[in-house]
Amino acid sequence: MAEKTPLLKVEHLSKDFPAESGVFAKRFARKVSAVNDVSFEIYPGETLGLVGESGCGKSTTGRTIMRLTNPTAGKVYFEGKDVAAMNKRELKEMRRNMQFIFQDPYASLNPRMTIGEIVSEPMTIHNVGTKEERMRTVRELLDVVGLNPEHINRYPHEFSGGQRQRIGIARAFALRPKLIICDEPVSALDVSIQAQVLNLLKDLQNRYGTAYLFIAHDLSVVQHISDRVAVMYLGKMVEISDWKTLYAEPHHPYTQSLLSAVPVPDPDIQKSRERIILAGDPPSPLDPPSGCRFHTRCPIAQGKCSQEAPEFREVKPGHFCACHFAEPFPIKQSSIEL
Amino acid sequence: MAKKKQSYVDLKDQPVPEGSHLLEVDNLKMYFHTQDGVVHAVDGVSYTLDRGETLGVVGESGSGKSVTAKTLMGLIEMPPGKIEGGDARYRGKSLLKMTEEEMQHVRGNDIAMIFQDPMTSLNPVYKIGRQVGEGLRLHRGYSKKEALARAVELLDLVGIPEPEKRVNEYPHQFSGGMRQRVMIAMALACDPDILIADEPTTALDVTIQAQIIELMQEMQKKNGNAIIMITHDLGVVADMADKIMVMYAGRPVEFGTAEEIFYDSRHPYTWGLINSIPKQETDEKKPLTPIAGNPPSLVNLPSGCPFAPRCPYAVGICHEKLPEHITTESGHYSACHFADDPKFLAYAPETSRTRANLAARKAAGAQHAAKEA
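Protein chains in written order, with the numbering used here: chain A, 1 to 338; chain B, 1 to 373.
Check the hints yourself; a few may be wrong.
[Claimed, not checked] Calculated cross-link-like contacts (lysine-lysine; reagent style DSS-like; alpha-carbon spacing at most 30 Å):
1) B:362 with A:271
2) B:286 with A:316
3) A:131 with A:75
4) A:4 with A:244
[To be verified] Derived coverage of chain B by chain A (criterion: at least 3 residues anywhere in the stretch with Cβ under 8 Å from a Cβ of chain A; other residues may be distant):
5) 172-179
6) 203-212
7) 222-236
8) 289-303
None of these hints come from the bench; they were simulated from the model. All C-beta atoms, glycine included, are put in the ideal place defined by N, C-alpha and C.
Assemble the whole structure, with the sequences as input and the hints as a guide.
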């Protein structure tokens, strides 16, 4: 790993949104700090899972990387180039190598375009091949994602949710990008279909060597696809590690509670296992708690937590955690052995 | 308001007729007559429910689980919907034969429902307090003031902080989890006999999902109401359901106690649902085992077993003959031709119990071997 250069490098990325609009917005600047000092790297062919509750800034992170919004502070490097400093032409070139899969398979496909048009659009924009070649690629892609290539002239409404998500995936792969940002690609799907789509994404990765930034709110979904997993809470990264360590010995109490909240389809286990159910909602990012942002809901919070923000430190090689008590509390494994 | 109240007898104060259950659904059939043909949305659903019990209804989108619940509540527009057969009796009285007026008295008062999307099921232009108290004013003849006071208590009960302040706020000022709590408060306002929850946690984060499930269980303990929990995720009902009905293409394919469904399941579709859920394993990554393909169109169902085209074990007979329910002594049934074949049942997914049994057998074997030596 050390030899490789990262495909994507995010350094101290922050993104604030103004909370007020209008003439005096600047003067009484109240800000929502959606992402606060987030750093990570993604290597070629790797999957990084990014997990957190709604409003923790995981989607904003994805959008900022692609420069769909501009970062407030910090840097994003894609293949060594600073994304924020790119001009329009460079940006277009970069986006050829960085694609997006969206959460909502209903809203992310234009209902007035046929499947062929939707999947070939990235190629049209980037002037790849002739029209016939593009259509041939589209047929291949549809076949690869498990759809009937004969359906190339159908419209999105003729497909089910899972099939639509496959169309979105085919579109993202049309240009053979090096990185795909998957923003909750399976959250809107039934569990049975969810597993199909996860397997498909894994297969495509093995086939094309694409790296993924896989955003989700459910740790169990991410586990299957990720090499490394990062957990975010209220705009901050609280833990990052390779997937095995994260699931076997989660250090941060937030990670532990997320793991224990995942329902297990086995009543004996579900009833007997220890669960940490967090009280209340995440606090508003308009006015984040002092010190450790998690201290208001943390089951092991102490006096120090509300005053001092914990450092994001390396607890083990490659395993970082932002908690004052991460080490003295090697808390129970949440996966179940019998 | 008071006049209206007198003309009705509160159904939930009526005793359950002897020999029958609180809710009895009997071979219910609800078809939709559309331009494309007849949609067999609910095709022969039967179950019974008593107070204090929880029934989990599990299946994929389009398996008819929501339509079943909505039919009970009289929320299906007819036409295009049409009840083609069967009955649903609440305390011995047929819900399907009630007039709209009677039904209005049942909805919210005797049977209440929570929907998946808490944003669209609350009215954005009314204050929360008014919406929570609406049922009380309607069914119990509370005054505005009394209803508001009770709304504050209810919000407090479902764990909403500062309820006195929150009753005067609007839905957009609440988060998703808080809105779902409001929905629960609203549903429980009139102390209903049955609470139908239609995917109440699907739109929520896992941490909030755990909170909501805990809340529903707590309220059930307090009020003794029955719950019908509709979900596509078997994991959600694992620790709350007493009975589970698995639905596929409008039909129940397996029905049993939670024990039976999880530890002795007899239908390949149930196995598929269990296997689709990502497991929390930390030793190695195995590929997930999804159910192949998509649910069938309910207009022209495949001949034979509707699950056959997606079933990894399907053989000739499955494509030709619709399987009957094979029922065990305890009332656990499965609509699969091979549900009573022990060889076939060996394909069932591993559970904590089979693993424990296996370990015990291994240990016994080792002991035996040690003795021999």
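Hints, verified against the model:
1. B:362 with A:271: holds, 26 Å
2. B:286 with A:316: OK: residue 286 of chain B and residue 316 of chain A at ~26 Å, within 30 Å.
3. A:131 with A:75: violated, 38 Å
4. A:4 with A:244: holds, 21 Å
5. 172-179: Held - the region 172-179 of chain B has 4 residues with a Cβ nearer than 8 Å to chain A, which meets the minimum of three.
6. 203-212: Holds, because 7 residues of the region 203-212 of chain B bring their Cβ atoms closer than 8 Å to Cβ atoms of chain A.
7. 222-236: holds (count 5)
8. 289-303: holds (count 6)
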